[in-house]
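Residue-level listing of the chains:
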Amino acid sequence: MYLRKTILATGVAFSALATASFAHAEPTAEVLHWWTSGGEAKAVASLKEDFEANGGTWVDSPVAGGAGDAAMTVLRSRVLSGDAPAAVQLKGPAIQEWAEQGALADLNDVAAAEGWDDVIPAAIQDVMKYEGDYVAVPVNVHRVDWIWANPTLLAKVGVESAPTTWDEFNAVADKLQAAGITPVAHGGQPWQDATVFETVVLGLGGPEFFQKALIDLDEDALNSDTMKSVFDQMRKIRGYVDADFPGRDWNLATAMVMNGEAAMQIMGDWAKGEFLAAGKVPGKDFICAATPSDHGYLFNVDSFAMFNVSGDDKVAGQKLLAELIVGEKFQETFNLLKGSIPARSGVSLEKFDDCAKKSEADLEAAQEAGGFLPSMAHGMALRGHLAGAIVDVVTAHFNSDMSSDEAVSRLVEAVELAKD
Amino acid sequence: MGASQSTESNLMASIQRHLSKIVVAPSFAASLFFVYGFILWTGYMAFSKSRMLPVWDWAGLRQYERLWQMERWHVAIENLLIFGGLFIVTCLFIGCLLAVLLDQRIRAEGALRTIFLYPMALSFIVTGTVWKWLLNPGLGLESMMHDLGWTSFKFDWLVNSDMAIYTVVIAAVWQASGFVMAMFLAALRGVDQDIIRAAYMDGASLPRIYFGIIIPSIRPVFLSAIVVLAHLAVKSFDLVIALTGGGPGYSSDLPATFMYTMAFQRNQLGVGAASAMMMLATVMAIIVPYLYSELRGGKKNG
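Those protein sequences? They're chains A and B, same order as listed. In terms of the numbering used here, the first sequence has 246 at position 246, counting the first letter as 1, and numbering is strictly consecutive. In terms of the numbering used here, the second sequence has 605 at position 185, counting the first letter as 1, and numbering is strictly consecutive.
These are calculated hints, taken from the structure and not from any lab test. Any given hint might turn out to be false.
What the hints assert, rightly or not - Restraint ranges, calculated between C-beta atoms of paired labels, are given here:
id, chain 1, residue 1, chain 2, residue 2, range
1, A, Ala70, B, Ala433, 31 to 37 angstroms
2, A, Thr73, B, Leu439, 36 to 42 angstroms
3, B, Ile535, A, Leu417, 45 to 51 angstroms
Unchecked claim - A few chain B positions that, by computed beta-carbon distances, are all more than 10 angstroms from chain A:
id, residue
4, Gln436
5, Val444
6, Gly480
7, Ala650
Quick caveat, the model's predicted, so the values are computed rather than measured. Every residue, glycine too, gets a C-beta built ideally from N, C-alpha and C.
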């Protein structure tokens, strides 16, 4: 009796499924991403809700692990076997690399209908376009060149606000050190070393130098005295971190600032999420300030690249997804959850915190001053192998007694080798 | 009727004759394809211009040239020599010593044997994580000694670029020496007791018996242990990832972690494949002479 009931129920379920799949040819999109935990998972869930509310069928393909390495391996095999997902979390020059393989779909009709050219900053458009065609959509703007500071510790040495020049930074750090306070909280992982490095390049060299050295890979800029002074400053910062820094995760370094074990951390605005999650108030419990630079702004933009798919339902799903992602509603919900700011203009920042508002204001100013630049350490400026070559030298210098002269000559060599 | 019966029995007989081959064939085909096929494929990739996606354009030895020009590869190879050498020698020494001590018909031998062997049951990830905590100056051994009042105690190898690779040796030895001990213990038990008794009669001392008779007679086990340990060393990946993450900087990189970085993080499939082939060559250099001597030995005995 029980068995017969089960069989019956299964049969009904199957026929229901079959009707469902025949009745609608609704927009479908498979989304490959690695936002699987915390605020990021919530942010993706909000996109899914939005998509489904607009009549789409969302096929979730999360691949956790290795900060996207595992997802990229899956992506490679999927594309090679001719079964690419509709949308893939992909960023920076990797988008261009996939576009060169002819794997990405053209979104120009959605872009024209939605007027993307007017609302997305030009520098971000460059990343999203391949040969003038939109192939990807931006979801957010993270700023990389931030200092997160503990005001109580700064006040102990009579400092009111975060430093505005690197000389001042060193002076403050020296004072803190003399007072027995660890000046800089840092996690010794290659990408974190590179994060600090690029903010110093931006600060000491200025936006133009940053463009030449870390984006155009101009040999004269890499081999310059300015670059030497950058490595000198890195050596100084090395002196300001505590002894246990190697291998530490960035959020543990953030916790050190939060708990008063260290005064400042140089890190992107995902660090803000840690403060906010602990119930800290910006401006009161922690300070967010740009690292010293002349109207510089290093951006780290997450995006979804749209791959070639076949079938009307899949193409429709892809277009709907692209439209929603750039739409104001999603940009607001997503970025509130992720701690970044919208990648388009026209979104009200009313619900955002003060740091996000500062980020937006600085973004405008940096765009006018020409200092709105892609981050090298976060894979926005250079292709993986070139950025990797630079990061190797930076981290080798930071974790040893290498002289600045040697670091510069190794940098030139490594970039040369990676280029060909 | 009779004819069909005889064909049937012929068929049965031939199935029976070939049954073992039929059963083994699928796994043979699978390993031929998935192991040896992909070795050949990787070998070809190392000669191609592959970067993000595998391509078939011939690049000659360019990827190998680039590999050997990379500072990071030299660090990885040097680390492999340090790690491999110390790991094998220390494991053999500790394993042999423990086996000899356990061989003295002591009490609770079974319990001790299990205790020493158990680390082998852990995965390298667990070993790496545990030792990362133990060796971290801020929370492990050093901080414990400081809390106990020995403030001059310093053990910061984990965060020291020059010494980080030795922490990998410590963790790996801790994990593998129990296994080596088990191998030696089994061999020691297999030594003919009559010879040892005869040596006693002749008045040989215990160390003399060990060094003169027992250890030479278990020489083949040394060889097996070295081969097992050497390939563990060459393919070692998860331990480094968990323990040091290749750091500080890339100072504790090993060829396997280097390969992973190049192939899966930096879109350098060609260089990654070239480094994988170098690792294969290293393993072959150890395994082939071993297999050769084993097979030749087999022939002699047979």
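- Message: Over 10 angstroms from every CB of chain A: does Gln436 of chain B meet that, or does the non-interface label fail?
- Response: 41 angstroms, holds
- Cβ-Cβ distance between Ile535 of chain B and Leu417 of chain A: within 45 to 51 angstroms? Distance hint for Ile535 of chain B, Leu417 of chain A holds at roughly 50 angstroms.
- Query: Cβ-Cβ distance between Ala70 of chain A and Ala433 of chain B: within 31 to 37 angstroms?
  - Reply: This hint is violated: roughly 52 angstroms between Cβ atoms.
- Message: A range of 36 to 42 angstroms was offered for this pair. Does it hold for the Cβ distance of Thr73 of chain A and Leu439 of chain B?
- Response: 40 angstroms, holds
- Message: Using Cβ atoms and 10 angstroms as the threshold, tell me whether Val444 of chain B really stays out of contact range of chain A.
- Response: Given a closest Cβ separation of 29 angstroms, the condition holds.
- Checking the smallest CB distance to chain A, is Gly480 of chain B really beyond 10 angstroms? Label holds. Min Cβ-Cβ 13 angstroms, cutoff 10 angstroms.
- Task: Would you check whether the claim that Ala650 of chain B is not at the interface survives, using Cβ distances to chain A and the 10 angstroms cut-off?
- Result: 28 angstroms, holds
Checked against the numbered hints listed earlier, the structure breaks hint 1 alone; every other hint is satisfied.
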